[in-house]
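Going line by line, the protein sequences match chains A and B. Final position of the first sequence in this note's numbering is 421; the numbers increase by one with none missing. Final position of the second sequence in this note's numbering is 923; the numbers increase by one with none missing.
Treat the hints loosely; a few may be bogus.
[Said to hold, decoys possible] When the alpha-carbon atoms are kept at most 30 Å apart in a straight line, the in silico DSS-like pairs for lysine-lysine are as follows: (1) B:Lys501 x B:Lys782; (2) A:Lys55 x B:Lys782; (3) B:Lys614 x B:Lys712; (4) B:Lys576 x A:Lys15; (5) B:Lys549 x A:Lys15; (6) A:Lys15 x B:Lys762; (7) B:Lys549 x A:Lys33.
It is worth saying that the hints were derived from the structure and are not from the lab.
Residues per chain are reported as follows:
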Amino acid sequence: MGINIVDKRNNPKGKSSPNRQKLLKRIGHKIKKAMPDIIKNNGVKDLTSSKKGVKIPVKGINEPQFSYEGGSGDNKRVHPGNKEYTPGDKIRKPREGEGKGGQKGSNDPTITEDDFTISISREEFLEFFFDDLELPDMIKKHLNSVVDFKQRRAGFTNAGTPNRLNVVKSYKNSMSRKMAGDIFYDKKIKEVEDKLKDNTLTQNEVDDLNKELKKLINMKNSINFMEELDLRYNNYEQYPVPVTSAVMFSIMDVSASMGEKEKDISKRFFMLLYMFLTKQYERIEIVFIRHHTAAKEVDEDEFFNSRESGGTIVLPALELMDKIINDRYSSEWNIYATQASDGDVWDNSDAIGCAEILRDKLLSKIQYMIYIEVVRDRHSDLWEQYSNLEGNVTNFKVGKIKNNTEIWDVFKDFFKKKVKS
Amino acid sequence: MTKEKLKEMFSKSDWNSDTILEADIVISRIAKEYLGLNTYPNQFEIVTSEQMLDAYSLVGLPISYNHWKFGKDFVINKSKYKRGQMGLAYELVINSNPCISYNMEDNTTCLMLLVLAHAAYGHNHFFKNNYLFKQWTHADGIVDYMLFAREYVEKCEEKYGYEEVERILDACHMIERYGVDKYTKPQRMSLDKERDRLKKVFEDDRILVNDLWRTIPKNESEKEERVERFPKQPEENILYFIEKNSPNLKVWQRELIRIVRKTAQYFYPQGQTKVINEGCATFSHYEIINKMYDEGYLTDGFMLEFFHNHSNVIFQPGFDSKFYSGLNPYTLGFNIFTDLKRMSLDPTEEDKEWFPDIAGKGNWAETFRYIVENFKDETFVLQYLSPKVIRDMRLFEVSDEEEKRFYSITSIHNKQGYKNVRKSLSETYNRETYIPDIQVFDIDINGDRTLTLNYTSIDGKRLNPKDVDVVIDNISLLWGFPVTLIESGDEKQVLSMSDKLF
Chain A
1 MGINIVDKRN
11 NPKGKSSPNR
21 QKLLKRIGHK
31 IKKAMPDIIK
41 NNGVKDLTSS
51 KKGVKIPVKG
61 INEPQFSYEG
71 GSGDNKRVHP
81 GNKEYTPGDK
91 IRKPREGEGK
101 GGQKGSNDPT
111 ITEDDFTISI
121 SREEFLEFFF
131 DDLELPDMIK
141 KHLNSVVDFK
151 QRRAGFTNAG
161 TPNRLNVVKS
171 YKNSMSRKMA
181 GDIFYDKKIK
191 EVEDKLKDNT
201 LTQNEVDDLN
211 KELKKLINMK
221 NSINFMEELD
231 LRYNNYEQYP
241 VPVTSAVMFS
251 IMDVSASMGE
261 KEKDISKRFF
271 MLLYMFLTKQ
281 YERIEIVFIR
291 HHTAAKEVDE
301 DEFFNSRESG
311 GTIVLPALEL
321 MDKIINDRYS
331 SEWNIYATQA
341 SDGDVWDNSD
351 AIGCAEILRD
361 KLLSKIQYMI
371 YIEVVRDRHS
381 DLWEQYSNLE
391 GNVTNFKVGK
401 IKNNTEIWDV
411 FKDFFKKKVK
421 S
Chain B
422 MTKEKLKEMF
432 SKSDWNSDTI
442 LEADIVISRI
452 AKEYLGLNTY
462 PNQFEIVTSE
472 QMLDAYSLVG
482 LPISYNHWKF
492 GKDFVINKSK
502 YKRGQMGLAY
512 ELVINSNPCI
522 SYNMEDNTTC
532 LMLLVLAHAA
542 YGHNHFFKNN
552 YLFKQWTHAD
562 GIVDYMLFAR
572 EYVEKCEEKY
582 GYEEVERILD
592 ACHMIERYGV
602 DKYTKPQRMS
612 LDKERDRLKK
622 VFEDDRILVN
632 DLWRTIPKNE
642 SEKEERVERF
652 PKQPEENILY
662 FIEKNSPNLK
672 VWQRELIRIV
682 RKTAQYFYPQ
692 GQTKVINEGC
702 ATFSHYEIIN
712 KMYDEGYLTD
722 GFMLEFFHNH
732 SNVIFQPGFD
742 SKFYSGLNPY
752 TLGFNIFTDL
762 KRMSLDPTEE
772 DKEWFPDIAG
782 KGNWAETFRY
792 IVENFKDETF
802 VLQYLSPKVI
812 RDMRLFEVSD
822 EEEKRFYSIT
832 SIHNKQGYKN
842 VRKSLSETYN
852 RETYIPDIQV
862 FDIDINGDRT
872 LTLNYTSIDG
882 KRLNPKDVDV
892 VIDNISLLWG
902 FPVTLIESGD
912 EKQVLSMSDK
922 LF
């Protein structure tokens, strides 16, 4: 009876994944609690792009049980490696807080770690991240969204192009046809051979039988390896899928009054919104618009990184956005917009102009727009105008963010699931 | 294959399945003829580090029901492993028939031979022959049973919701150490039997009424003062008691308790045989590999690598080292067995005085097998820890009395100290010294059905207050009625009361 060697290395991975899912459910609320810290400490861009997943520290998921209180009662222990002790020696116990040692022996099964770090995938992260949030007014554009087609497999057909030939299936057919033919001819051949064994046959009859035998063997050998009727082709069919495409406008003030910190907050907020939208839409385009006194459409890199300064006029940015919408995005698009600014404007008329263009032109075309104001305690002109507007329309919201830790709360507030009444 | 060919094969660091097959032929022969080992057939599995981590998180079972705590262990172990804080064992072995061992793919040939001798023969022999394992676990049925458990838990989750299932399992896990029978032999486990039994349980549940909870009021005249407690004798298997007597539990909930109980029972012997089991395996691999060398199968280079690995296994830092985390069971067990062999062949006067039955008798392999079959850590140390091992390891006894501000050294490795050190060390392997003694004391049958548990303190030790209340609340969840924890059988000394209102 020899040893049975089993090489398991190629077995499917993830044997413990059900346990992992259970653990995630278990610590879900802890992960959510840690979200603000995660936003604060990681670049949101890292979170969205990294394939590695997100590391999340988890605290205090312990497994309580009955155990002894350390240091209570009288204990005798045996240790190895005595160098100088003799019976009767005394060693002062460490006082409280001096660090404990030797309370737990290696046999103590209660040693557990309460704090640990769990790495979760991007998808899992988004799941936790946006668990309680929803996009407002999603239905509107869903209904009249463009229908696109996708292909999916749908069995096999007898006809098709060579590139869709299903070799395995065809070969199976060929084999079974050949088998059936072989059996048929083998039977016949055997019959003739049996007849030939008969000694009473005349020479003529024997010749005839031999001829027939030869014919049968020939026919058996001539069964083709592959016949037209064996061939099978993979079949595909088209099915309609509703396509929901979205475009997200990011408008940022880059005038001199916006410092690095303010820009950083804005950037994080944009990325959050982007992540959130990726969860809902398959196709998302982003349009970056930066403005000081003039507005300009730029690419992502320039948007976040290049420096510019000057005074602030906001209106051109909104006008540019209106133009881009008219040029490039028809009514099938779901349009979202976020504007970030410190609220400083050249004069009040600019702010009034902004509110007007939003109310009269833009808001009717777009799904949802958010304005975030970074830093200032005092109310800016823009804030004044915008918050007035907020009260009058449903798809426009404003919020203030002072520092990184508040981003998540403000964001959550915008997209909180509405309690169905 | 000729000896020379094998020698060449084993001297390469790369191996393939032929290497293991050939090595097994030699090792199994030596294990049988030289050491007299008697083993289950072996299933030798080659695994990746990820699969090893899987096995770790299931505490060595090849399969288990799904629960978050296994996921947590996996995550913790994995991150420790990735950060290099923890090395993985070269092997992990399961008490099953056939005896399954997991072996790391990146082991060298030398390590593969070592783990083959260590796990597939050393541990395997221990599982098959040690009295605790023979009595308390069923190597034949465990894989089957865990399969059943897994299916059952899954079905319950579908039927009653995973939250409900998790609630019960969580509560059970908190007291799983109080779910073992110590004195009655558990029945054989088998998948089919479990299924049949379940059917019957459901049926019985429909038909029977538990007399304990008869609620029809008695006549006034029949009412009498309750004098006897229920249960009459305190019951230490708390999970068992609840499973059998809890008034409200559904059949499936009882079954979940039973599954946790059965699993705990399976691990019951393992916790009490670390030193002797590892000692047995380490001694076996050491003897077998050396014998292979003597017979000419191994090169000097192989032996150098072997000694390097072997001394890593039995590395024992002193108490004052920053690497110290208690006595290394491999070291202690190996040292005791090795010293027994020494005194059997080449005794001193001291050995003759301490071990008259062994010293100079020459039958060390027989002695080794006898001890492996009949002892657990506590008794093994108490009987066989020799003065020489105490001297070699420089063991000393420290007394830590709560009232005093000093630790005092009470015994060291000298003539007056040997017996104390031995007794004291043996005592630390006694299950009662690390698991608090808590038993079912009483149920208020006529009143509100409160379950009273009793804690008996040893040497003035107290329960860790951090967890007590949570655990009591969870026991109460299983019991379905209030639970009280008292001390020393004195109903006035209440340590904790469940605060759930019923």
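Agreement of Lys55 of chain A and Lys782 of chain B with the hint, judged by alpha carbon distance not exceeding 30 Å: Not satisfied, since the Cα-Cα distance of roughly 62 Å exceeds 30 Å.
Are the Cα positions of Lys549 of chain B and Lys33 of chain A separated by 30 Å at most? 50 Å, violated
Lys549 of chain B and Lys15 of chain A were given as a pair; does the straight-line alpha-carbon distance stay at or below 30 Å? The given pair, whose Cα atoms are some 28 Å apart, holds under the 30 Å limit.
For the pair we were handed, Lys501 of chain B and Lys782 of chain B, check the Cα-Cα distance against 30 Å. 48 Å, violated
For Lys614 of chain B and Lys712 of chain B, compute the direct alpha-carbon distance and say whether it is at most 30 Å. 45 Å, violated
Hinted pair Lys576 of chain B and Lys15 of chain A, Cα distance within 30 Å: 19 Å, holds
Taken at face value, is the distance from the CA of Lys762 of chain B to the CA of Lys15 of chain A at most 30 Å? Violated - the C-alpha atoms of Lys762 of chain B and Lys15 of chain A are around 44 Å apart, more than 30 Å.
When each numbered hint is compared with the structure, violations occur for hints 1, 2, 3, 6 and 7.
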